[in-house]
Amino acid sequence: MAETTERKQYLTDELRSQILALAPRYPTKQALTLPALHLVQHTYRYVAPEAIVEIAELLELAPAQVLDTMTFYGSFFRTPDAPLGEYRVWVCRSLPCCMCGGEELLDRLCTRLGIRPGETTADGKATVEAAECLGACELAPCVWVNGEVCKVDSEQALEALIERLR
Amino acid sequence: MATDFEPVLLANVGVPDSQRLEVYRQRGGYRALEKTLREYSPEEVVELVVQSKLRGRGGAGFPCGMKWKFLPKDRTVTYLCVNADESEPGTFNNRILMENDPHQVLEGIAIAAYATRAQTAYIYIRYEYVRAYETLQQAINEAYEAGILGERVLGSDFSLNVYLHRGAGAYICGEETGLIESLEGKRGWPRTKPPYPAVEGVFRKPTVVNNVETLCCVKHIMDRGVDWFLSIGVPADPNNPRDLGSYGPKLYCVSGHVNRPGCYELPLGVPCRELIERYGGGVRGGKRAKAVIPGGLSMGFLKEDELDTPLDFNSLQKVGCLGLGTAAVVVFDEDTSIVELLHRSCRFFAHESCGQCTPCREGTGWMYRILTRILHGEGRIEDLDLLLELADSMGIIPGTTICGLADGAAWPVKTAIRKFRDEFEAFIRSGSRLTAASSGSAAGEAS
Ligand SMILES: Cc1cc2nc3c(=O)[nH]c(=O)nc-3n(C[C@H](O)[C@H](O)[C@H](O)COP(=O)(O)O)c2cc1C
Ligand code: SF4
Ligand code: FES
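Each protein sequence line maps, in turn, to chains B and R. Here the numbering used here is used: the first residue of the first sequence is 231, the next is one more, and so on. Here the numbering used here is used: the first residue of the second sequence is 30, the next is one more, and so on.
These are calculated hints, taken from the structure and not from any lab test. Among the clues, some could well be false.
Computed footprint of chain B on chain R, listed as stretches where at least three residues anywhere in the stretch have a Cβ under 8 Å from a Cβ of chain B [unchecked claim]:
1. 119 to 126
2. 359 to 367
A few chain R positions that, by computed beta-carbon distances, are all more than 12 Å from chain B [unchecked claim]:
3. V37
4. V52
5. Q80
6. A89
7. V228
8. I261
9. P264
10. P300
11. R302
12. H405
13. T429
Even glycine gets a Cβ: it sits at the ideal position worked out from N, Cα and C.
Hey, can you work out the whole structure from these sequences and the hints?
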C-alpha cells in the first residue's frame, strides 16, 4: 500500500460533536457505537477503516471492539471502492413478499440496472440488496428506498421505481 | 378496516393529524397518565397490570405484571427498554402504532416507567423503520415541550427521559437480551439466562423489556380499568392450570395471498378462518388456502383443516404450532409449493442465527442445505427424518440453545414435514426440481 502523507480525518468536528451530544443519554461510551457508525455512514456512505479507529479513540474503545460490533450488523458498508449508492434499495424476500413475487422483482430490478444483488450501479446512484421482512407485508411485494416503502407489483410500479433510481 | 369490534389500540389511526399532541389530547390522550400519577402508587399500578392478566404481545406471551414484579425491591436504577425491533416475518403492527399514534406509545411508556420506577426509557427501533423513527422523535420533542417527559412529568415527582436508539439490521436484536447487548454497543448476542433482565439487564442494572403493543395495552388498562380488559378475549380454561388466559384486544396482521392484507384489531381468540375470510377478504383469486402461518414465521404452519383454531395464547399448541407468537397471519394459496415455503423459511433462520450456539448455527445451516438439495431434485426420503431429528434437537425447549430463535427455526420444519409429508415425499420421488424463476435461485441464492 502506498504511503500517504496526509491522513484524512473522518470524524470532523461536526460529527464529533453530534456523537458526543448523545453521550448524556447512556452511562457508558460504548453505547454510542451504533449511533456513531450510523452518523459516519450517513455522511460518507461507508465506514472507512480509519473512521473505525477514530470512533474507537473517541469512545475510549479498542478499534477491534468497534469493528466487532460493526461487522455483526447488516447495515454497514466497509470498502471505499464500493460505497453505498445515493439510493439504498432493499427488496424484501421474506415469505409474505417472496410468495407475492418478491424474488422475481429483485431479479428483474437487478437485470434492468445491470447489477447483481448487493452491488451498486456504475453511476453510483443505487445499491440494491435483498432484505428480510421490512415490516410492511401489507404492501407485498415491497421495496424500501432510502426509508420509504412502496409496493411494486406491476410493470408501471417497476418502471416508476427504475425511473427514480436513474 | 371495518370490524365489529370498536378499535381501541387503533382508535386514532386514520384521524387527521393523529400524530400530533393536540389531536391526541383532544381524543382523551394522556388522561390515563394524569390519573395514574395522581391516584396510584407505582406498586398499585403493577398490581393492576397483574390483575389485568395482560400478556406480552412481542411473541413470548409472558405475563406483563409478573415480569415487573421480578424487579428487585432494593434497586436504585431501573431501565425500560421498549422493543420496537419488530422483525418477525409477517409482523407490522408496532409500525402502524408508531407511525400513526406515537403519543399512545409514549403514554404507555410513561405509565410503565412510573410503575417500574424507571427514569430512562430506550426505544430500540429497527433501522428500517425510518418513518416511525421520525414520527416518534417529533412526538418525543412535543412531549418534552409540554412537560409530559423530562423533569417532573405533568407536575408530579416523577421524571422520565425517553431516547430513541436505532438498530442496524439484525433480527436477533429483537430477542430481549440480544437487544440489551446491542444497546450497549456490542454485537447482538443473546445472553445466557439467568440472570434475567429484571435482575441484571442493560448496563448491568435491573431492566424491563416490553413490546410496543404491550405498552399501548397498559395505557388502556389504566384508562378503562382492569374489568374492561378482562371482559375482552378468552378466559383461562379452568381445567388447565397452565392456561393464563388470553385477555384484551390484539392487533392481527394479515398478509400473503389475501384480498385485503392489513392490520386488524380484534379480541384475542378470533378463529383464524374468520380473520382471513371476514377481515382479510378471503384468499386471492377465489382459491383455497393451503397453509397458513398463524403468528409470525417462527410459529410453524397450519393446514387448511386447522383454520378454525382460535388465535389465542392457548390453542395453537394443540395443533402443533409453537404458539400465538406475534399473531401475524400469513396465508398461502393452494398453488404454493410447501417445499419452496420451507426452503425460504430455512434460508431466513440460517441467515439470522447469531452463531453463538452450535446446535442453532449448524442446525439452521444444515436444514437450509438439505432443503436446497431437495429443491434441486437431489433429495432423499431419509432427508425428511433427518430434518425432523435436527429440528427436534435444537432450541430452548429441548434445552440446547441460549435463545428461542432456534425453536422458531425448528417449528416451521416440524410442522411442514409432519403436516405435509405426502407432498415432500412426492416431490422427492418425482425427482422434480423447481425452476430457477420459481425457486428464487436466480436471486443469487441457494446455489
Ligand atoms: C429470535 C427472537 C426475536 C424476537 N424479536 C422480537 C421483536 O422483534 N419484538 C418484540 O417485541 N419481541 C421480540 N422477541 C421477544 C422478546 O425476547 C421479549 O420476549 C419481548 O420483547 C418482551 O416483551 P413483551 O413481554 O411485552 O412481549 C423475540 C424473541 C426471539 C427469541
Ligand atoms: S439460539 Fe441461535 S440465535 Fe439464539 S443465541 Fe443461540 S445461536 Fe444465537
Ligand atoms: S415479508 Fe416483505 S415486508 Fe414483511
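Hint-by-hint comparison with the structure:
1. 119 to 126: holds (count 5)
2. 359 to 367: Holds: 3 residues of the region 359 to 367 of chain R have a Cβ under 8 Å from chain B.
3. V37: 20 Å, holds
4. V52: 24 Å, holds
5. Q80: Holds: least Cβ distance 32 Å, greater than 12 Å.
6. A89: 19 Å, holds
7. V228: 17 Å, holds
8. I261: 24 Å, holds
9. P264: 31 Å, holds
10. P300: 21 Å, holds
11. R302: Answer for R302/R: holds, closest chain B Cβ roughly 19 Å.
12. H405: Non-interface label stands for H405/R: nearest chain B Cβ at 16 Å, farther than 12 Å.
13. T429: 22 Å, holds
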